[in-house]
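Protein chains in written order, with this note's numbering: chain A, 1 to 237; chain B, 1001 to 1221.
What the hints contain is simulated information worked out from the structure, not anything from laboratory work.
The C-beta atom is built at its ideal place from N, Cα and C for all residues, glycine as well.
A partial selection of chain A residues facing chain B, derived with a Cβ cut-off under 8 Å:
1) MET1
2) SER31
3) VAL57
4) TYR99
5) VAL115
6) THR196
7) ILE200
8) LYS202
9) ARG222
10) GLY225
11) ASN228
12) LEU231
13) GLY232
Pairs of lysine to aspartate or glutamate, EDC-like flavour, derived with a Cα cap of 16 Å:
14) LYS1089/B / GLU1116/B
15) LYS173/A / GLU103/A
16) LYS1038/B / ASP1077/B
17) LYS182/A / GLU215/A
18) LYS189/A / GLU1142/B
19) LYS204/A / ASP1115/B
20) LYS1088/B / ASP1115/B
21) LYS1140/B / ASP192/A
22) LYS1038/B / GLU1071/B
23) LYS5/A / GLU21/A
24) LYS154/A / GLU123/A
25) LYS1122/B / GLU1090/B
26) LYS1034/B / ASP1103/B
27) LYS1140/B / GLU190/A
28) LYS1122/B / ASP205/A
Covered stretches of chain B (chain A as the covering partner; in silico rule of three or more C-beta atoms under 8 Å from a C-beta of chain A):
29) 1010 to 1021
30) 1091 to 1104
31) 1111 to 1120
32) 1138 to 1151
33) 1162 to 1173
34) 1184 to 1195
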Amino acid sequence: MSAIKKREKDGSTTVTIDQDECVECGVCLRSGVCKTDAIYWPKLEWPRAIRQAFSAVLIGYNILDEVGIHGYVATSGEAGVGGGRGTSEMKTNDITGRYGDGEVGIGVEFGRPCVGFHFRDVEKISKAMIKHGVEFELQNPLTMLLDLETGEIKYKEVRDEKAMSAILEFNVKQEQTLEVIKTLQKKAKEIDTVITVDLINKCKDTTIPVLPMLEDAGVDIRINGKTNVGLGRPLIK
Amino acid sequence: MTHSNHRRGSRESLMGDWVILVRGDTGGQPDKMKKLVKIFGNHNPVGLVKRRSLPSLRYMKNWKEGLGLKELVKNPDPPIYVAGVYVKKEDVEGVIHDLKIADLGFSIVISGVFDEVFDICKRVGTGPHTVNLSMGTLGKTEYLPEDKILEVMTMCGHSLVGEPLIRHVIDQVSNGRMTTEEAGLELGKQCVCNYFNSVRASNLIKEYLDTKNLKTKNQIN
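Make a model of the complete structure from these sequences and hints.
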């Protein structure tokens, strides 16, 4: 994030935290990097507190409830101990069946890796995705901030806040995948950050059904990622 | 959460970087979760974490401030979340093999090179059920550092291991104030989910210094 600025003057060093750049992740405090214990974490007020909710892993999203933004339901594994940026997505698909045959789950990870993002950048992508007729995952904390009909950020006061990362999650039909990817590639040029993109697909035997289509279209797919190995019970086939 | 989905690196480097994760809320009973933790611990993890409430119980190989592996495995609290980090394919296969036999019913996810993971599935006789593919990074990629730094950085998918800290520990190593192993552990401390592979980080830092013709503390001594 590079929020910590060091200044040398007259033989002494002053270190400050740039409050515009700071995403309230808590790493500087936790690392013990300040030998004089000058770093402390004040109680954050809305809307700045949203930085902490989307940056300090395991802190959780209580702030959203506190300001009356209700709806995020942490999955039970995370309840009471904070949560990640998104949902269980494909990690439990062998027992939830959230991603079925012929579907592709898409995750757009804003600000990752390590760049951070402003919420106004989310809107540029979410509005474009709404035009494809997608429905955002309701259990994702980012979804709570969005108008589900327009894709706009409902809470204008958070648009200029900066956080570490947030994930836009939605499903598309497999045949829609390439057109959605094209839109993502186009809109990515309009944002002042990075997005890292996930494509989730249920396997058929030992093949990944969406892969040939992506390869034919020249979409670059990395050699590694996550595989749910189907040991959950009862198993959804 | 997709925080182990976008780990960067060559095939050779990624062959030393595996994460196995489980959501305990998918399988239920605490006694099963204890069995699972034992299986994870039996196959040489270089990182292991379990969590029921905060703080998480964490192990990293050679990390003196954290828990020892045996201590973590023996801890009686049944977790709802477990993840192990491994550096060898055969250890990952060992975990999946034992989990298949134990039939605990939890959803199990491996983060690693796909064709190697599929090979493990074939040999063990399970899945694959669902994949999460990484399309890489779009947008202002000029904000990203060079590949070797990025390879270290992306081992914490929540971005808690940042570029300035990575450069700081590299500087410490090149000045003889830290070993590469200590540097890897220092970075790993920040990754509260404990997915960070401190062993691989140590190797990557050494490679980085080699490319810059800088010496490590080990070489200086």
